[in-house]
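J.: Residues per chain, in single letters:
2 protein chains.
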Amino acid sequence: MNIVRPDAARPMRRSPAKPVINREGDVIPPLAADAIRIVPLGGVEEIGKNMTAIEYGGDIIVVDIGFQFKDDDTPGVDFILPNTKYLEERRDKIRAVIITHGHLDHIGGIPYIMPRIGNPPMYTRLLTSVLILKRQEEFPGVPKIDMRVVEKNDTITVGKLKVRFFAVTHTIPDAMGVIIETPFGSIVHTGDLKVDHDGGIPTEREAEEYERAFPKDGSHKVLMLMADSTNVENPGFSLPEKTVHKNLEEIIKNMQGRLIIATFSSLLERLLKIVEAAEKYGKKVVVEGRSLKQNIEICKHLGLLKAKKETIISVDEIENYPPDRIVILSTGAQANDFSALVRMSQKTHAKIKITPRDTIILSSSVVPGNERPVQKLKDNLSRQGAKILHYRIADVHSSGHANRDETIWIHRAIRPKFFMPLHGYHYMLRTHCDAAKEANGLKEEDVVIPDNGNIVEIQAGGTKIVKLKEKAPSGLVLVDGFSVGDVQDVVIRDRQMLAQDGIFIIFGIVNASNGKLRKSPDIISRGFVYLRESQELLHEVRLLIRDSIEKSCKGQNPINMDFVKDNVTDAVSKYLLQKTAKRPMVIPVILTI
Amino acid sequence: MNIVRPDAARPMRRSPAKPVINREGDVIPPLAADAIRIVPLGGVEEIGKNMTAIEYGGDIIVVDIGFQFKDDDTPGVDFILPNTKYLEERRDKIRAVIITHGHLDHIGGIPYIMPRIGNPPMYTRLLTSVLILKRQEEFPGVPKIDMRVVEKNDTITVGKLKVRFFAVTHTIPDAMGVIIETPFGSIVHTGDLKVDHDGGIPTEREAEEYERAFPKDGSHKVLMLMADSTNVENPGFSLPEKTVHKNLEEIIKNMQGRLIIATFSSLLERLLKIVEAAEKYGKKVVVEGRSLKQNIEICKHLGLLKAKKETIISVDEIENYPPDRIVILSTGAQANDFSALVRMSQKTHAKIKITPRDTIILSSSVVPGNERPVQKLKDNLSRQGAKILHYRIADVHSSGHANRDETIWIHRAIRPKFFMPLHGYHYMLRTHCDAAKEANGLKEEDVVIPDNGNIVEIQAGGTKIVKLKEKAPSGLVLVDGFSVGDVQDVVIRDRQMLAQDGIFIIFGIVNASNGKLRKSPDIISRGFVYLRESQELLHEVRLLIRDSIEKSCKGQNPINMDFVKDNVTDAVSKYLLQKTAKRPMVIPVILTI
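Protein chains in written order, with our numbering: chain A, 3 to 595; chain B, 3 to 595.
Because the hints were derived from the structure by calculation, they are not lab data.
As the structure is a prediction and not an experimental result, all values here were calculated from the model.
Hints are supplied without guarantee of correctness; some may be wrong.
As the list makes no split between identical chains, a pair holds if one copy fits it or if it spans any two.
[To be verified] With a Cα cut of at most 20 Å, we get these calculated EDC-like pairs of lysine to aspartate or glutamate:
(1) Lys72 - Glu373
(2) Lys469 - Asp381
(3) Lys389 - Glu446
(4) Lys87 - Asp28
(5) Lys581 - Asp80
(6) Lys310 - Glu299
With these hints in hand, go ahead and build the complete structure from the sequences.
T.: See below:
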């Protein structure tokens with residue numbers, strides 16, 4: 003017997019295991035000469051793994067290659083990638099990958115996906131290119147990226163298409179939107195963005211940049227807009243990042259004790275401002291956490307960080323200064339395991355001990371799913387007497403995504419004929435379409451709300467937008483250890499079941515000649531009940547197993563082992579449910595000798 | 003071989019498995035005659051499982067017996083209970099259980115815990131008593147509760163103590179605070195509460211009730227206050243429930259299509275107002291969802307629901323009315339599996355189909371941990387064209403817990419000498435202490451921030467408050483199927499590990515005479531990698547297993563099976579990690595024949 007996966011009992015769950023969908027794509031019709039095709043491969047049924055393909059006249063341009071962190075539906079998994087099978091089958095048409103900015107939901111999939119789609123040339127702005135190439139160093143096996151740095155005023159030619167860019171405000175420098183010019187008008191992709199403003203009035207810099215890219219003189223016609231939907235549910239204008247900078251500067255200026263500021267290492271603009279403010283008020287900055295150190299180094303290298311060399315000191319120099327001259331910039335605002343602030347909170351940081359004179363700013367919101375770890379972080383810091391400031395009690399964080407009124411302003415600046423929302427869950431995309439209609443009077447037939455893998459076409463020379471009934475493959479692609487694939491739904495379902503009720507394995511050796519068990523069956527169980535205190539249950543189950551196996555074997559020659567296993571699985575599952583109200587995965591292994 | 007739990011390989015995790023603490027309590031000194039002891043058994047390191055014991059002169063009074071729903075740290079578990087070992091050992095002293103109100107974090111533990119603490123008499127107000135007794139019907143085996151209904155103006159005598167009550171504003175009728183009178187002043191426990199107000203000015207009704215309970219004429223001395231900390235981090239005053247009622251009434255009045263309102267079935271006051279408003283504007287109410295129906299029935303029974311009989315119709319009568327005369331009151335605002343609104347969203351509700359003319363109000367906030375299910379709910383409703391209103395875009399929900407300024411008003415109305423915060427995580431309790439100091443000028447030595455199981459005493463005739471160094475048992479007590487206990491940490495840890503990397507079981511039969519495997523080893527694995535596509539890996543592992551076992555057995559007589567198992571576990575774990583970057587639980591089962 004060498005069966006690797008004996009038929010497991012798959013008991014009914016009280017709540018159904020969540021399905022991991024692995025749809026194969028349909029047969030997809032060819033693209034007409036007067037049509038433009040847009041395929042969102044990720045980012046339109048979630049926040050994360052943003053990736054969109056745009057195809058015209060035999061040329062494909064890919065915008066962004068993000069990934070998504072695992073969630074409750076995918077236990078044990080490292081990351082979720084966009085499904086790129088559609089592009090893998092058309093890799094000879096891909097002329098360029100354009101990256102809008104350097105956040106992981108836009109660049110995270112690059113090392114996994116670029117080799118699969120033929121490693122086409124990649125275009126992005128300087129900082130983004132440096133962040134991508136730095137990250138590639140962690141993946142030594144992958145081919146070198148053909149990186150071509152562009153700037154916001156550049157125009158490039160990709161296949162038969164001209165591509166321009168425009169600068170957008172986000173939380174990282176060098177964020178940009180993309181303008182792909184076609185004979186029927188241009189296709190615009192905003193990337194992630196918000197609008198810098200004063201009390202709801204966009205700044206001149208914003209107005210000028212949009213006017214440059216989308217002049218109101220009628221010389222530029224936007225056929226279709228794709229834009230960020232992340233925060234469109236929020237009314238009004240978002241808190242401007244500069245207000246956060248001002249508040250942080252004020253706190254840095256007035257702080258009497260030591261100040262620890264924890265924020266996302268990806269919020270590069272904020273990091274730069276914090277260092278500048280500390281320098282301005284004669285304070286020293288200590289940078290703690292690998293990703294922060296790396297990003298600060300990159301900023302220094304690119305000349306983005308203008309602080310004096312001596313402003314940033316090492317953690318060993320803290321004792322040379324009074325506490326009120328120290329600002330510690332730290333990772334860990336999301337309470338990630340082993341991050342610097344978490345180690346401080348757990349008293350395991352080698353160099354920094356929290357004291358009641360410390361003030362800690364959590365300059366971040368709480369990413370959904372992290373509420374519990376962040377609560378524990380605050381509890382542990384508070385137990386050591388530290389004061390805590392966070393976004394719910396002070397304006398020390400703002401999001402990088404436009405609220406509804408900013409979004410409407412963006413729509414009115416770009417004035418598209420058609421619109422397709424990106425970056426969000428379905429309800430957010432729907433809300434964004436409502437905003438698009440309000441902004442420019444678009445009708446329902448002018449907008450499309452896509453799912454991942456939908457094929458959207460602007461047909462008949464730019465006169466109508468349709469969603470094809472055929473879909474590109476859109477099943478989940480999971481990074482799970484070294485395995486990258488789209489066929490692991492059974493593994494994920496097993497993990498979900500194991501996490502609920504555990505596993506219960508029965509080992510029996512049957513004498514082939516008489517159908518009797520050679521000895522009492524062995525049982526291995528994990529995650530089910532505490533077996534040391536369940537001896538009576540085990541005793542009863544062993545009797546039940548023996549009885550079931552021997553009855554099932556009786557009179558059979560040769561023994562139909564599938565029948566025997568089904569019977570014992572069934573009997574044991576029912577018995578355990580009845581006695582414990584738990585439904586472990588029951589697996590019988592029965593050998594004949 | 004009948005070993006039930008062979009030594010498992012417990013590989014190091016990339017992130018450490020979260021510990022489930024099972025502290026046994028210390029030896030606890032007797033209570034001095036001039037001291038009052040307060041032991042928070044739950045609710046001070048979490049939101050949930052609220053329970054507090056108050057002891058004086060040989061009498062113990064228990065306030066509330068809640069439970070907590072499971073979280074990410076306790077996969078597969080149904081509920082978490084307060085650890086009541088301290089009370090079980092002192093059950094002969096327990097004179098009363100007092101329940102402040104009928105929410106599950108205050109009553110959920112009753113069926114499990116009352117029998118363990120000797121089923122003492124229970125005191126509470128009418129609605130709460132009905133909710134508790136109704137729930138007891140689901141637990142047919144437990145002893146009948148000796149229920150004694152009190153009203154807010156009652157005074158009862160419990161042992162040698164006098165106990166009074168005061169009405170508090172929460173989101174369910176009959177919520178109350180408790181005043182236990184001792185010779186050194188009274189001990190006050192607020193339960194959950196907020197303050198009804200108009201623009202930050204508490205209403206006269208509130209002011210009068212607090213003046214009645216805590217007259218400012220000096221006749222009443224509050225020795226110690228324990229109060230709700232849930233929302234004390236939020237500045238100002240909370241949105242009054244009556245504003246939510248007004249907004250909902252306005253929406254009901256003006257709605258042109260069908261209206262579906264999903265809310266917590268525990269928000270009884272809001273349910274009652276919705277039915278009243280619907281009746282006022284000539285609409286019919288359909289109640290969907292078991293818990294809602296049950297609570298509406300209870301309200302009818304108690305005369306709390308004053309609507310006419312014909313206002314509430316059955317789901318089958320919907321078609322008899324135009325959509326704009328229908329209000330559906332539904333469970334499912336938190337997207338619980340199988341709740342009415344979730345079934346509507348998934349098109350599996352037998353009677354109600356969502357249409358684009360429907361408007362759905364999610365009259366609730368999102369409980370942390372439910373963000374993803376609630377997002378899916380909104381997405382699915384939105385896919386069917388329904389409009390959605392929720393608390394982020396309209397004032398259709400308010401919490402039942404006081405914000406900081408309300409809390410300060412409560413402190414100033416009660417004016418305690420000592421203070422101990424309840425109901426919250428440590429950081430919330432700390433924040434509440436800061437508010438207490440601001441309210442009444444309390445000093446650090448006048449406040450205590452407890453952990454679950456801490457023993458807090460007011461000693462020396464009410465002159466000082468101290469936290470003993472000895473602790474009552476405070477390990478987690480989990481309800482997991484039929485099992486209720488505090489020794490399941492190993493089971494929980496196993497579930498956590500299984501959910502990450504799965505299990506890998508090796509099954510081999512060794513010939514005792516020569517130490518050789520009788521045949522190629524069998525492997526059973528779940529939740530690790532997709533084995534059907536890992537044949538080469540399996541082939542290599544089998545060779546490795548054979549090699550390891552036979553080498554380990556060589557020259558041994560008898561064979562030291564622990565040594566053999568340790569070696570093969572080690573070799574296989576390392577190999578799998580190296581090849582897959584996953585760390586499944588590796589368990590060898592080796593039989594000798």
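J.: The structure should be examined with respect to each hint, and the outcome stated for every one.
T.: Consistency of the hints with the structure:
| no. | hint | in the structure |
| --- | --- | --- |
| 1 | Lys72 - Glu373 | both (16 Å within a copy, 14 Å between copies) |
| 2 | Lys469 - Asp381 | between (50 Å within a copy, 19 Å between copies) |
| 3 | Lys389 - Glu446 | between (51 Å within a copy, 15 Å between copies) |
| 4 | Lys87 - Asp28 | within (12 Å within a copy, 61 Å between copies) |
| 5 | Lys581 - Asp80 | between (36 Å within a copy, 16 Å between copies) |
| 6 | Lys310 - Glu299 | within (13 Å within a copy, 72 Å between copies) |
In the structure shown, no violation is registered for any of the earlier numbered hints.
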